[in-house]
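Novice: For reference, the chains in residue letters:
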Amino acid sequence: MAMRSLISERVSCRSSVLGARWMSSWWRNVEPAPKDPILGVTEAFLADPSPDKVNVGVGAYRDDNGKPVVLECVREAERRIAGTANMEYLPMGGSVKMVEETLKLAYGDNSEFIKDKRIAAVQSLSGTGACRLFADFQKRFHPDSQIYIPVPTWSNHHNIWRDAHVTQRTFHYYHPGTKGLDFAALMDDIKNAPNGSFFLLHACAHNPTGVDPSEEQWKEISYQIKAKGHFPFFDMAYQGFASGDPERDAKAIRIFLKDGHLLGLAQSYAKNMGLYGQRVGCLSVLCEDEKQAVAVKSQLQQLARPMYSNPPVHGALIVSTILGDAELKKLWLKEVQGMADRIIGMRTALRENLEELGSPLSWKHITNQIGMFCYSGLTPEQVDRLTNEYHIYMTRNGRISMAGVTTGNVGFLANAVHEVTKST
Amino acid sequence: MHEKLKGKVKLGSTTNSTAGFIKTKSFGRVSMVAAVNVSRFEGVTMAPPDPILGVSEAFKADTDEKKLNLGVGAYEPKSYSLMCLMLLRRLAENLMLERGENKEYLPIEGLAAFNKVTAELLFGADNSVLKEQRVATVQGLSGTGSLRLAAALIERYFPGAKVLISSPTWEFPWSEYRYYDPKTVGLDFEGMIADIKAPGGSFILLHGCAHNPTGIDPTPEQWEKIADVIQEKNHIPFFDVAYQGFASGSLDNDASSVRLFATRGMELLVAQSYSKKPWSLCRKDWSNECCLVKSQLKRLARPMYSNPPVHGARIVANVVGNPALFDEWKAEMEMMAGRIKNVRQKLFDSLSAKDKSGKDWSFILRQIGMFSFTGLNKAQSDNMTNKWHVYMTKDGRISLAGLSLAKCEYLADAIIDSYHNVS
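Chains A and B supply the protein sequences, listed in that same order. The opening residue of the first sequence carries number 1 in the numbering used here; numbering runs sequentially from there. The opening residue of the second sequence carries number 1 in the numbering used here; numbering runs sequentially from there.
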């Protein structure tokens with residue numbers, strides 16, 4: 001080709017000049033980024049050749065054989081979808097049908113807010129994308145506001161609001177002594193925060209602690225937040241996964257709605273529908289009226305445009321196919337219950353094993369906590385021992401992903417935990 | 001109330017304990033109703049409709065049967081070629097169903113098989129940059145997401161750097177270099193060269209092929225000169241490659257500008273997209289700092305979306321990784337590019353036949369890719385929509401992918417009317 005010979009001729013003339021000129025690279029000052037504390041665990045696990053290794057790191061559900069699960073309802077939905085729908089761009093706000101169904105799950109099938117069209121909602125890139133979109137929205141319209149984040153929380157929450165340039169503060173949440181909720185300190189922090197602050201709340205199955213407020217505690221939290229004029233932003237990544245019943249898991253949100261809060265909400269189908277890699281979620285903001293909802297939605301879309309233009313279609317199609325079909329929805333509810341039940345069973349097994357081993361410590365918190373994670377109380381040093389001596393992988397904050405515990409490994413896990421803690 | 005709370009609550013009540021609940025009158029719900037439901041986002045105004053994606057929404061709302069959507073750059077719905085692409089996708093998806101692949105999170109940088117085939121597609125499988133492992137590849141959210149990641153990387157590591165983009169380009173508000181010459185409806189090459197000689201050490205955004213929105217690409221000789229200037233000024237070229245294969249019909253031809261720069265040993269950034277071919281990715285190319293840079297890209301991606309969608313990546317990996325499907329895809333792209341060329345020819349013929357003014361419409365034939373810059377201004381473009389129900393963007397851009405041969409005459413009538421009768 002003429003083009004190729006042109007190039008080779010030029011290159012031979014230039015090669016000596018090139019060598020001198022291109023000594024300095026643009027990216028010399030780029031340092032290696034620290035490994036993500038959560039995803040880095042899986043990388044380390046995969047690299048480990050030991051046949052006995054156990055991964056209780058990342059929060060992705062596993063069946064009792066330790067295998068990832070694709071729900072039956074999802075497989076069926078995919079069979080129906082395969083090769084049929086086109087791949088045209090979704091509107092910027094995403095799949096309308098999927099968003100409708102998702103709002104019903106959170107706000108209630110017969111929610112007045114849905115009927116009155118007061119909810120500004122867009123499809124998002126799973127929970128991460130919903131939180132990020134909200135953080136950017138908060139920054140744009142309340143540039144001087146701050147976000148209060150619980151201690152501890154999913155580590156990426158800090159990254160999200162930081163990259164959105166929103167000032168962060170923290171509020172008390174977990175009590176290390178009881179391995180439960182530090183309710184008094186939490187309430188103090190809500191009261192002491194300047195009026196009109198933004199609060200990040202986990203709707204159910206708190207990550208990483210598994211510690212949720214009781215219904216009564218939620219009512220008090222709601223009251224105090226309202227009294228201070230704070231904005232409640234819920235991250236609900238585990239609806240259905242906590243108790244097994246999505247309606248029950250939405251309780252906190254329903255309490256806040258009843259109390260008249262105009263809340264914001266991030267929802268994700270990563271865990272409860274097993275659609276992790278599909279990146280399907282929803283961001284919603286409850287507004288005063290329909291007109292405001294339209295305006296807010298338009299602004300959310302405008303924030304999404306320079307991030308990714310419009311969201312991925314496949315996962316959204318799976319969700320709307322399942323939730324829009326009575327039989328498939330029933331199947332889904334059954335499968336979600338099944339996943340939650342297996343986790344609850346493993347909590348009981350782990351605790352019983354530890355007690356039978358004669359551990360001097362209390363392990364009640366394993367069954368008190370809820371959802372995918374158990375905040376074991378293990379120290380980073382103890383976690384390192386678990387990894388180095390027993391090839392058990394978890395995050396260094398002592399968070400155990402119960403989804404990775406099976407009848408096959410629970411004994412081994414209990415034994416290892418006992419070994420590293422018995423002299424505590 | 002605070003004191004009451006302290007008195008009643010044991011520090012560190014567990015979630016299941018009811019000790020935390022205080023039954024005092026002050027927690028009655030009645031007093032709360034008095035608080036007005038004032039939204040924190042009361043002051044939020046309506047965002048303007050997106051100049052491109054908003055067009056499709058307006059098109060959908062139009063009930064006239066003659067309506068034509070030449071707005072967004074997506075393929076015409078009833079075309080044979082789109083059906084073939086869907087067949088291709090069905091084959092790939094059936095492959096995936098058979099394999100029963102799971103839906104676990106991808107790593108932050110995306111599907112490895114996808115990244116590999118995409119790098120090979122762009123640089124050519126035998127390219128030394130690949131053999132020497134000088135390419136850091138990160139799967140992104142199509143072209144937009146890839147550009148955004150790159151922009152974030154530039155912002156973080158080169159906070160003062162300028163980014164020069166062609167005027168016009170796909171709606172990014174940074175410094176511009178001249179590109180489009182309305183007089184010739186072609187490339188303002190002299191202007192472009194003069195402008196990119198500006199401050200050294202800047203990022204220059206280039207369209208690899210099939211420039212959006214104009215359809216005007218530099219010739220191979222012009223690309224050489226552009227590369228000369230960029231090297232002299234120690235700029236870093238940043239390619240947006242959204243149409244590889246779609247422009248000329250040949251994947252290799254359409255990658256020649258990028259390959260030229262790579263062959264010269266230049267460090268460059270490339271954002272690729274499979275949307276038009278469909279599917280997506282992002283990639284960067286450098287020496288030695290590969291892993292470092294990749295780790296930083298991941299760090300930027302994590303708080304945006306954690307990890308990229310798996311479905312499209314698998315389709316790509318399956319199609320490109322399977323020789324029979326790959327050949328079918330290549331043939332498909334040749335056909336799509338061929339169809340666009342036919343449409344350009346038909347439109348040109350219709351315009352030349354109908355327009356008695358003697359205006360030279362041949363720029364339509366010289367342009368390449370999905371888009372044509374018609375040279376119509378905003379008022380004329382509005383006329384196209386309001387009078388003729390032809391939906392396009394206000395800068396005079398039409399998407400030929402949305403045009404069938406049968407509609408060319410109608411479009412020609414609309415263009416002639418708008419050009420001559422509206423100012």
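These aren't lab readings, by the way, just hints derived from the structure by calculation. Just so it is clear, CB atoms sit at the ideal spot from N, CA and C, and this is done for glycine as well. A couple of the hints might just be wrong.
[Said to hold, decoys possible] Okay, the calculated bits of chain A under chain B, using three or more residues with CB under 8 Å as the criterion:
id : stretch
1  : 123-134
2  : 151-162
3  : 265-276
4  : 279-293
5  : 299-309
6  : 345-359
7  : 373-385
[Claimed, not checked] From chain B, some residues computed to sit far from chain A (all C-beta separations above 12 Å):
id : residue
8  : Gly-54
9  : Phe-189
10 : Ser-273
11 : Glu-328
12 : Arg-344
13 : Lys-378
14 : His-420
15 : Ser-423
Novice: Where does the structure disagree with the numbered hints, that is, which hint numbers, in rising order?
Specialist: 6, 7, 8, 10
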